[in-house]
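Undergrad: So the chains spell out like this:
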Amino acid sequence: MASIARTLMAARPAISRLAPRAAPLARTPFRTFSSSQMNLLRKYTKDHEWVDLSADHKSAVVGISEYAAEQLGDVVYVELPEAPGDWIEQGDAIGAVESVKSASDINAPIRCRVHAINKALEEKPSTINQVPEDDSHGGGWIAKVDVDEAGVKEFEGLLDAEAYQAYVSTVDEE
Amino acid sequence: MRPLRHLGRRSILHPPPHPPLTIPLTSSRPFSESAAANPSNKTQIYVSRSHDPLTNLSLEHRLLQTSHPDSIVLLLYTNRPCVVVGRNQNPWLEVNQARLGPQSHIQLVRRRSGGGTVFHDEGNVNFSVICPPKAFHRDTHAEMVVRALAALGEGRARVNERHDIVVDRDEGKTFKVSGSAYKLTRLRSLHHGTCLLRSPGLARISGLLRAPGEAFIKAQGVDSVRSPVANVGVEPAAFVDAVVAEFRSMYGGQAVEVDGFGEEVLEFEKVREGYEEMRERAWVYGQTPRFVLSTEATEDDNRERPAVPFESKLYIEAKRGIVNKLTLNGTSLDSPSIVGASIWEISDWATRLRDAGAGVDDVKEVGAWLDGVLATQP
Numbered sequence: 001m002a003s004i005a006r007t008l009m010a011a012r013p014a015i016s017r018l019a020p021r022a023a024p025l026a027r028t029p030f031r032t033f034s035s036s037q038m039n040l041l042r043k044y045t046k047d048h049e050w051v052d053l054s055a056d057h058k059s060a061v062v063g064i065s066e067y068a069a070e071q072l073g074d075v076v077y078v079e080l081p082e083a084p085g086d087w088i089e090q091g092d093a094i095g096a097v098e099s100v101k102s103a104s105d106i107n108a109p110i111r112c113r114v115h116a117i118n119k120a121l122e123e124k125p126s127t128i129n130q131v132p133e134d135d136s137h138g139g140g141w142i143a144k145v146d147v148d149e150a151g152v153k154e155f156e157g158l159l160d161a162e163a164y165q166a167y168v169s170t171v172d173e174e
Numbered sequence: 001m002r003p004l005r006h007l008g009r010r011s012i013l014h015p016p017p018h019p020p021l022t023i024p025l026t027s028s029r030p031f032s033e034s035a036a037a038n039p040s041n042k043t044q045i046y047v048s049r050s051h052d053p054l055t056n057l058s059l060e061h062r063l064l065q066t067s068h069p070d071s072i073v074l075l076l077y078t079n080r081p082c083v084v085v086g087r088n089q090n091p092w093l094e095v096n097q098a099r100l101g102p103q104s105h106i107q108l109v110r111r112r113s114g115g116g117t118v119f120h121d122e123g124n125v126n127f128s129v130i131c132p133p134k135a136f137h138r139d140t141h142a143e144m145v146v147r148a149l150a151a152l153g154e155g156r157a158r159v160n161e162r163h164d165i166v167v168d169r170d171e172g173k174t175f176k177v178s179g180s181a182y183k184l185t186r187l188r189s190l191h192h193g194t195c196l197l198r199s200p201g202l203a204r205i206s207g208l209l210r211a212p213g214e215a216f217i218k219a220q221g222v223d224s225v226r227s228p229v230a231n232v233g234v235e236p237a238a239f240v241d242a243v244v245a246e247f248r249s250m251y252g253g254q255a256v257e258v259d260g261f262g263e264e265v266l267e268f269e270k271v272r273e274g275y276e277e278m279r280e281r282a283w284v285y286g287q288t289p290r291f292v293l294s295t296e297a298t299e300d301d302n303r304e305r306p307a308v309p310f311e312s313k314l315y316i317e318a319k320r321g322i323v324n325k326l327t328l329n330g331t332s333l334d335s336p337s338i339v340g341a342s343i344w345e346i347s348d349w350a351t352r353l354r355d356a357g358a359g360v361d362d363v364k365e366v367g368a369w370l371d372g373v374l375a376t377q378p
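So the protein lines, in turn, are chains A and B. Residue numbers are given in full-length UniProt numbering: position 21 of the first sequence equals residue 21, and the series is strictly consecutive. Residue numbers are given in full-length UniProt numbering: position 333 of the second sequence equals residue 333, and the series is strictly consecutive.
Hints listed in this document are in silico derivations from the structure and should not be mistaken for laboratory results. Treat the hints with caution; some may be incorrect.
Capping the alpha-carbon separation at 30 Å, the derived lysine-lysine pairs in BS3-like fashion look like this [stated by the list, open to error]: (1) A:K124 with A:K58; (2) B:K42 with A:K119; (3) B:K134 with A:K46; (4) A:K144 with B:K176; (5) B:K319 with A:K144; (6) A:K124 with A:K46; (7) A:K58 with A:K119; (8) B:K218 with B:K270; (9) A:K153 with A:K124; (10) B:K42 with A:K46; (11) B:K364 with B:K218; (12) A:K46 with A:K58; (13) B:K134 with A:K153; (14) B:K218 with A:K144; (15) B:K134 with B:K173; (16) A:K124 with B:K270; (17) B:K42 with B:K134; (18) B:K42 with B:K270; (19) B:K313 with B:K270; (20) A:K119 with B:K313; (21) A:K119 with B:K364; (22) A:K153 with A:K58; (23) A:K58 with A:K144; (24) A:K119 with A:K144; (25) A:K124 with B:K218; (26) A:K46 with B:K364; (27) B:K176 with B:K134; (28) B:K270 with B:K319; (29) A:K144 with A:K124; (30) A:K119 with B:K270; (31) B:K364 with A:K124; (32) B:K134 with B:K218; (33) B:K270 with B:K134; (34) B:K313 with B:K176; (35) B:K173 with A:K124; (36) B:K270 with B:K325.
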């Protein structure tokens, strides 16, 4: 998703594209998390995916961050992976979204194997724009996945919410 | 977000004076994957002499995958007549397939980038720019092309809010001359676009892009936006030179320039693999998002339907080009000759309907009708 995050939105008026420090920076990259509780096991990639690791470290939910969703602009189609699927390595494509004539890959934040997909996104791709970080029913999560030891290890190397927020603000300010 | 705006600004709002347009590409060394990946080759320019759409798109995809992450790459190519649908589009909704195929010499292609359906022919030059995500902006290289067009004497071209290039003609009429689409990956961003220069096929476009099933199909994915189109009216070769000159003035002189390669790029294994993948009907048709074809209004699609040449009510659901469900007058035909079948492998719907137990009239009438609205290319 790094590529997506850097994508300027078509929906934004031209004036803000010409004024790098205007509107886009005024927004907070985070609204409150939409899920009912702050998940302490949520981490983020620099590619702007999030992953919630279950307490038993056996499964996880993945999605794209609010920041990424906002940068994408209006999502018109979400290409979901096959479920159940094969093991996917960290960084490999787990799906794709289309917004503003752009096909963008969604990458696996950690090594994982898809066991369920958010079918609601097929009917309502805009859910990704509305509640991208919501891992509940009706939320914009992408897939539920199995995780193995390698995946857990990779998870440990990702950014926590605070570090990710700091990362996003440096991306914006640079 | 930052770097791209700054980069865009420096060169775009204050472009340097146009260099003369006659500078030819300096070398004609063969295409090389290792040169594309070499970090010292920060700026790369390629002009393909192949007119095969799949060769050009596969080469472009390979450059997206292999060119050095910090490099910026320009590729120019012209395809023989073809209709190109976007990654997440439905060919039965976008294209009149009866007008494609070997007789008309117009090929159907699905590209890997997003966006809508376009027509290519020898009077159309495609430009493609691959750059790092941080340097990506949807308008940057459309603006580059606008400047190239201005240098060629077309001063009324501009980029519109859809990132297309339009030309304002007399009496306030505006025509699209160039459409854009994008493919964004972790390390690289690709922007490619068409530019109608002297297309002899302009009059055909509208008919080609009108599918007989349009009134009956409701599809997920991406719809095309119809726009009146026009030719700019400049020579393709001059356009190539002008775009190369603009690109050079933006990104500097030390460009690796590869001019005049053709089908031999398919000798590269990975280019060939990409080519084979795109040629598969499982890609052209099987990448189609879920859709419903119904002769009656449905909850999701309450448009009034045109008359059909049969009495039965027909309803079909398909995903990835594979039939999930087909009902006639509400009765499901649960036969493997239909359910689970790939639409692109059905050349004769009547036989399939008969095998699935449909009535005699339906077999004949619905079968013939479906052969038309769900036609595929051999």
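Undergrad: Against each hint, give a clear statement of whether it holds in the structure.
TA: A quick look at each hint next to the structure:
1. A:K124 with A:K58: holds, 29 Å
2. B:K42 with A:K119: Roughly 42 Å between the alpha carbons, so the hint for B:K42 and A:K119 is violated.
3. B:K134 with A:K46: holds, 13 Å
4. A:K144 with B:K176: The hint is violated at about 43 Å.
5. B:K319 with A:K144: holds, 21 Å
6. A:K124 with A:K46: holds, 26 Å
7. A:K58 with A:K119: OK: A:K58 and A:K119 at ~22 Å, within 30 Å.
8. B:K218 with B:K270: violated, 36 Å
9. A:K153 with A:K124: Violated - the C-alpha atoms of A:K124 and A:K153 are around 34 Å apart, more than 30 Å.
10. B:K42 with A:K46: Holds: B:K42 and A:K46 sit about 24 Å apart, inside 30 Å.
11. B:K364 with B:K218: holds, 25 Å
12. A:K46 with A:K58: holds, 23 Å
13. B:K134 with A:K153: OK: B:K134 and A:K153 at ~29 Å, within 30 Å.
14. B:K218 with A:K144: Holds, at roughly 29 Å.
15. B:K134 with B:K173: violated, 36 Å
16. A:K124 with B:K270: violated, 36 Å
17. B:K42 with B:K134: Within the cut-off at roughly 15 Å; holds.
18. B:K42 with B:K270: Measuring from Cα to Cα gives roughly 22 Å; hence the hint holds.
19. B:K313 with B:K270: violated, 47 Å
20. A:K119 with B:K313: holds, 28 Å
21. A:K119 with B:K364: Between A:K119 and B:K364 the Cα gap is close to 36 Å, so the pair fails against 30 Å, i.e. violated.
22. A:K153 with A:K58: Distance ~12 Å between A:K153 and A:K58 Cα, so the pair holds.
23. A:K58 with A:K144: holds, 11 Å
24. A:K119 with A:K144: holds, 11 Å
25. A:K124 with B:K218: holds, 14 Å
26. A:K46 with B:K364: This hinted pair is violated, its Cα atoms lying about 58 Å apart.
27. B:K176 with B:K134: holds, 28 Å
28. B:K270 with B:K319: holds, 29 Å
29. A:K144 with A:K124: holds, 18 Å
30. A:K119 with B:K270: Judged against 30 Å, a Cα distance of about 33 Å means the pair is violated.
31. B:K364 with A:K124: At roughly 37 Å apart (the allowed maximum being 30 Å), A:K124 and B:K364 break the hint.
32. B:K134 with B:K218: violated, 37 Å
33. B:K270 with B:K134: holds, 26 Å
34. B:K313 with B:K176: violated, 40 Å
35. B:K173 with A:K124: violated, 36 Å
36. B:K270 with B:K325: Cα-Cα ~37 Å, so violated.
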